[in-house]
Structure formats: structure tokens, C-alpha cells
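Q: Using the hints, position chain W against chain X.
Here the protein sequences line up with chains X and W, keeping their order.
Its first residue numbered 1038, the first sequence is counted upward by one per residue in my numbering.
Its first residue numbered 700, the second sequence is counted upward by one per residue in my numbering.
Just so you know, not all the hints are guaranteed correct.
[To be verified] Covered stretches of chain X, going by a simulated chain W footprint (3 or more residues, C-beta under 8 Å): (1) 1046-1059; (2) 1119-1125; (3) 1128-1135; (4) 1281-1290.
[As the list claims (entries may be wrong)] Listed next, the in silico DSBU-like pairs over lysine-lysine satisfying Cα-Cα at most 35 Å (straight line): (5) Lys-808(W) with Lys-1283(X); (6) Lys-916(W) with Lys-706(W); (7) Lys-1203(X) with Lys-838(W); (8) Lys-1203(X) with Lys-1048(X); (9) Lys-1290(X) with Lys-806(W); (10) Lys-1283(X) with Lys-907(W); (11) Lys-1290(X) with Lys-808(W); (12) Lys-838(W) with Lys-825(W); (13) Lys-815(W) with Lys-1048(X); (14) Lys-838(W) with Lys-907(W); (15) Lys-1283(X) with Lys-706(W); (16) Lys-907(W) with Lys-852(W); (17) Lys-825(W) with Lys-1121(X); (18) Lys-1289(X) with Lys-916(W); (19) Lys-838(W) with Lys-1290(X); (20) Lys-1289(X) with Lys-869(W).
Calculated directly from the structure, the hints in this document are not laboratory data.
From the three backbone atoms N, C-alpha and C, an ideal C-beta is built for every residue, glycine too.
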Amino acid sequence: MNLHAIAAIYKFEMSRTWRTLLQSVVSPVISTSLYFVVFGAAIGSRITEIEGVSYGTFIVPGLIMLSLLTQSIANASFGIYFPKFVGTIYELLSAPISPLEIVIGYVGAAATKSIVLGMIILATAGLFVPLKIAHPVWMIGFLVLTAVTFSLFGFIIGVWADNFEKLQVIPLLIVTPLTFLGGSFYSINMLPPVWQTITLFNPVVYLVSGFRWSFSEIADVPVGISFGMTLLFLALCLGAVLWIFKTGYRLKK
Amino acid sequence: MPIISVKNLSKVYPTGLRALNNINLDIESGEIFALLGPNGAGKTTLISIICGIATLSEGSVTVGGYDIDGDYRAARSLIGLVPQELHTDAFETVWATTTFSRGLFGKPKNPAHIEKVLRDLSLWDKKDSQIITLSGGMKRRVMIAKALSHEPKILFLDEPTAGVDVELRKGMWDVVRELRDSGVTIILTTHYLEEAEEMADRVGVIAKGELILTENKAALMQKLGKKQLTLYLQKPLDAIPAQLAAHNLELKAEGRDLVYTYDTKGERTGITALMNDLNAAGIRFKDLNTSQSSLEEIFVSLVHQPGEAAS
Chain X
1038 MNLHAIAAIY KFEMSRTWRT LLQSVVSPVI STSLYFVVFG AAIGSRITEI EGVSYGTFIV
1098 PGLIMLSLLT QSIANASFGI YFPKFVGTIY ELLSAPISPL EIVIGYVGAA ATKSIVLGMI
1158 ILATAGLFVP LKIAHPVWMI GFLVLTAVTF SLFGFIIGVW ADNFEKLQVI PLLIVTPLTF
1218 LGGSFYSINM LPPVWQTITL FNPVVYLVSG FRWSFSEIAD VPVGISFGMT LLFLALCLGA
1278 VLWIFKTGYR LKK
Chain W
700 MPIISVKNLS KVYPTGLRAL NNINLDIESG EIFALLGPNG AGKTTLISII CGIATLSEGS
760 VTVGGYDIDG DYRAARSLIG LVPQELHTDA FETVWATTTF SRGLFGKPKN PAHIEKVLRD
820 LSLWDKKDSQ IITLSGGMKR RVMIAKALSH EPKILFLDEP TAGVDVELRK GMWDVVRELR
880 DSGVTIILTT HYLEEAEEMA DRVGVIAKGE LILTENKAAL MQKLGKKQLT LYLQKPLDAI
940 PAQLAAHNLE LKAEGRDLVY TYDTKGERTG ITALMNDLNA AGIRFKDLNT SQSSLEEIFV
1000 SLVHQPGEAA S
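Just chain X, with the same shape it has in the complex:
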């Protein structure tokens, strides 16, 4: 294991965060606060409670998930896309490092950033609504697993994308709609029965449901299923990444 290389990539990626602190940390915090103002204060005051939890508290896990997904994808996809775009990928490809080490470096840094961000958003949420975390270990578990999974997913997008438009298109057209429709802001029990069934094909439902369960023990699907699905997405993304490196897809000429 080339630990020095992993450390070098990780440090390099983290230092990019500090250079772009405003974009990386401050803007997600501001947008989350805006969600609280709009959904929590303006709309939430008209929705009394969902399954015994105030609406403001109910949406906290969904809001964290929303940022976690988008930021994990954005960080990891940009992290690997940018060297391809400016050409510095040559160094990565010519270095004595294995694909696994490259992934640990990039995905580790991207996941770290979004986990930190998730915690910051959680703290921000604490300023607006009372927080209760029923299962802290599960909460951290879902947070870490989701961050890693979607950082892997972002890594795949970053490798696949050969222009900036492609880099944006999946997060904007697929991930964000799935997140909004995945029960971030509502319980899927509030939907008509047909839509409840359709929603179960949305992977984000399982992530949000499990995460919300770790906070308030409210879940749209049993937590075991949520956990299993999260692991399944992780495995799928890992498989795709291994295939990319095995074939050199979009990396090697």
C-alpha cells in the first residue's frame, strides 16, 4: 500500500477545500438556513406535526441528506474531473499507485468534506429547531456510508464526464429531483398509495428514511432495509469504479 500517495492526494484535495472555503462550506450552510426559513418557519408553521415530531425537526435529516448527496457528488466528481481537464492526470497515471489507493485518496477526501459539512448543517439546524438523536451510532453510520457511496458515485461521474456540462447534468437532472422526491421534506405516507409504491424505486428514500430513523425513530421503510440498500449502492459504485480502472475507461489512452 502506497500510504504516502494516499496521504498526498487526500491532503491535496483537502487543501482545495480551504482555498475554496466560501464555495465548499459557507454556501451549503447558507442554502440550508434558507430551507429552514422557507420550509421550517413559513410552511412548517402550517403543518403541525408529522408522526409526533414538529415539521422543522422532521426535515433536518432530509436536509442533511440533501447536502450530503449533492456535496459528495460535487466534491468527488470535480476532484477527479479537474486533473483530467487541466491535464495533471498524467502524474496520477504515471505514479506507482494502485486504483484502490487513488480512490481512497479522492473519495476519502470528498467524503470527509461532506461529513464535516453534514455536521455543520446539523449544528446550524440546532439553532432553528430542537434536535434529538435517538441512535447516534446509526446516525454516524448512515452519514459515513452515504457520504462514501455518493463520493464514489461522484468519482464515477467525474471520470465519465468529458465536459463541464456532463459534470453537472447527473446531479442536476437526476440526483436533485430524486432527493426532493425521496421524502426529504415529507413522509411518503403522506402520498397517494400509487405514488408510495413508485417512490420505493427511488434509492434516496431508503437513505433518508434510515437516516431519519436514527434521529427520531420515524421511518418510511424498515431500517434494516434502508441499511441493506445503502450497502447495495455502495457495492454497485465500488464495482463500477473497479471496472473503470481495470479497463482504463476514459482515463488511459
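A: The following block gives chain W in isolation, referenced to the frame of chain X:
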């Protein structure tokens, strides 16, 4: 044992383009090897394959005895690569990017070595500058510093002096010489052929994906070099006299210069016979000059007639 051994290497792109065709090449430890060829000849592709950036279609490559696929860690650890294009992390500092490269190649931190590399390349006073603020020549040296950061045994320089001014270029060649003296094997490609002529121990000529020849530079010059003997005549000639027709002569400068072209490969140059015939014809000259064709001229003639020049 050669430090790099390329055997029956071919590269075929999915489009069917055969970028390299059956390349066989051994690079000896400690030499400066110049790879010459026109644009699109396959120089960069060959370097990219050896360094792990491109995949090979057929054949095999070993670096320091290690297969570049099976033993890629050991093989790549030996190599430092300076690519042709200036690919840099614009917002990183010189120090950070050089330290990053060392880590990437699996070496523990060694600020003293990084400092030495930066000082050798006259980058020390720029160590805290962002790369984006540097001039093109400095960026090129940053790329070299990155390649040297992990103490490679082999250095690939792909067109290292493209876009670098004359003074800086000379400085860079001094660095290359010092590296060679410290035992580093250097493989370079360049368009500045006079520099290959000045620097390289051996020269490989590549055209249309084929390695036309590899030759000791001096031997190549001798083998393929043509010499010209120019006689500055006392009296201009209107035409070459009939008794001199057997010699390969040309009249230049309105008949004032008589130019004799001969091959240094031949056992006989024919100069003595020419002198005798000139004397017999009563042609006298006030001065003479001989010149040897440069590597550039050799190169151009090779690339244009690969079949004839193959050895």
C-alpha cells in the same frame, strides 16, 4: 542489462490507427538518449506507454527489469516524467506541488531534497508562489522539479525546451548534464536538433510509428554524414569543364565557388583525384572549406526516405 527494454511494442487505437509499429529499443543505464521524429511520429505515445499513461496493444516493456504492467509499482518508481504540455495545478504553490509529487511516488517527506531540486532549477525564491503567477519557462522548470522530487533513476523529457528562451534552454541543458553525471538516465524528445546533437549519446529516429534507426550519435553522423568541399576559385567558371565531369561537382556563387560533395562512408573520398584533375585543367583556387551535414540534415533525409536509410 538495459534499464529500459521495449520489445515488439505496437499501439493500435480503437479507430484502427497504428500509432506505433513493432518498436524494439534498449536504453542503457546512464545515457542520454534522444528520440527524434516529426510531429505525430509516435514519440509521445512511446513515452506515454513506458510511463503508464497509455496502454500498449502488443509487446512488452520492462523498466529496471520490472514489467510495466505486472510490476508497475517498481517500474514507475524509477521514472520521472516531464510531459510536453505545461499541465500544472495553477493555484498550488511551487513547494506544495513538488511535495505532492514526491508523496504520490511513495516517498516520505524530505524537505532537504525538495529544497535542493528547487535551488538547482533556480526556483527556490519562487517556492511560495502560486504556479499561475509564473512565466512559461518557470512552469516548465516546475514540471521538471516535480519529476525530480522523488529521486528517479530515469527522466523522460518530452520536448523540454519547447517555448523556452535561449538562455533558459542552456541552463536547462546544464541541469540535464548534471543529472546524467549523477547517474540518471535521460530520454528526451526535441525539435531543436542541434541540442540533441550536442547533448545525446545515442539517437533514435522515429517516423510514422516506426523506429527507423537507433545509433550512437557520432557513428550516425559519420555513417550518414555527407561532407562538402567548397573551393573558392581564383577565376570564375562558366561551366564545369568536361574533364571534371566524372566528379560530383556543382558551381555556385556565379561560378566563383566549386562545390564537391562526397560521402564520409566511402573508403575513398575522391579528393586526391579531384585535386589532380583540377591541376591538369589549370583551375586554381584561393581558399577552401569543408563542412559536414548536421544531424538536422541527416534527420530530414532519413524521414523522407525511410526505406533507404533503414539499418
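Q: So which hints don't hold here, by number, going up?
A: none
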